[in-house]
Amino acid sequence: MISAKTKYTIAFIAVALIAGAVIVKKVILPKAAPVVAETNTTVRAANTIHGVGTLEAKEIVILAPKTTAKLQALYADEGDAVQANQVLATMEISELRGNLQESAASIAKSRSQFAASKAVIEDLEAKKSLSDTTLSRYGTLLSGGFVTQAEFDAAQAAQRSASAQLTAAKANLQLSGYDIAKAEAALAAQMAKIDDLTLRSPFEGFVVSRNAEAGSTVGSGSAVFRIANPKSLWVKVYIDERQSGALKIGQSATVTLRSFPEKRFTGEVARIGVESDRITEERVVYIRLRDLTDFLHIGEQAEAEISLISKSDSPL
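Numbers 12 to 327, taken from my numbering, label the letters of the sequence shown in order.
Rather than coming from a laboratory, the hints here were simulated on the basis of the structure. Source: prediction; values computed, not measured. A virtual CB, placed ideally from N, CA and C, is assigned to each residue, including glycine. Please note: incorrect hints may appear among the correct ones.
Computed Cβ-Cβ distance ranges for the label pairs, DEER-style [as the list claims (entries may be wrong)]:
1) 254 with 274: 23 to 31 Å
2) 285 with 109: 52 to 60 Å
3) 215 with 61: 31 to 39 Å
27 Å max Cα-Cα, derived DSSO-like pairs, lysine-lysine [to be verified]:
4) 129 with 139
5) 274 with 69
6) 242 with 274
7) 204 with 120
8) 193 with 77
Please build the complete structure, drawing on both the sequences and the hints.
Following this line, the structure appears as structure tokens:
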């Protein structure tokens, strides 16, 4: 049998050993632990900001008719590459074609009237010249007593009549010119309406969506096509507010897209949102991509690493 004194001694030793182990682990070992230098991975992690978002196009144009019309033909589909000023759709213009013919006929009529007025003016100018000469002669003859006062008055009246007719003819010629201008303006308006019903691509790009089919009636301002400019592609990422304070325009970034998981696209911060999301507490940052050669899909998920180290701060 172990005595009570022996049991007490064993318990005391066990407690002492446990206390010593705790002191060694908590005090001695941390002080003696060697200092481990920071790795390059840690440095990079401390000087980059990670964000997740989507690929977007800054410049997307909606092609739509200015007036309600029926789609006559479509010449492009979703995903097609298009050239600047390429015709993508035409609308039905049968009614406008009649207006166009009416305007053209009005122009022809006004020009004919203008030509007739010019001919009348030439005739009246000749008559006025003759009446001026006759009046001058009658004035000389009257002073010599070779004509009566009545004959002189008649010549004077004829001269005044010729002058008045010439003035009226010139006014009619001016009115004919106004009629031509009015008819040409009406024709230009009809041509502009027809041109508005011909949808063309404003730049070299690709069709994001086609929202109508041939034969359907499209309302004024309703989209028929959405065209994106590939040169305006950028990545829209969301950055936590706690990290966004270090962001600056022009900082370099690398982007990974889900469709190209092994490829790294380079870019730079092009815009930093001025308003944070009040629920997610994130700020929107746009990264402009460089050297885009592949066809990329708008809206696909992207991940970005934004470098906070400027070139002057980077190690040699």
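Handout entry: Those earlier numbered hints the structure runs against, lowest number first
Key = none
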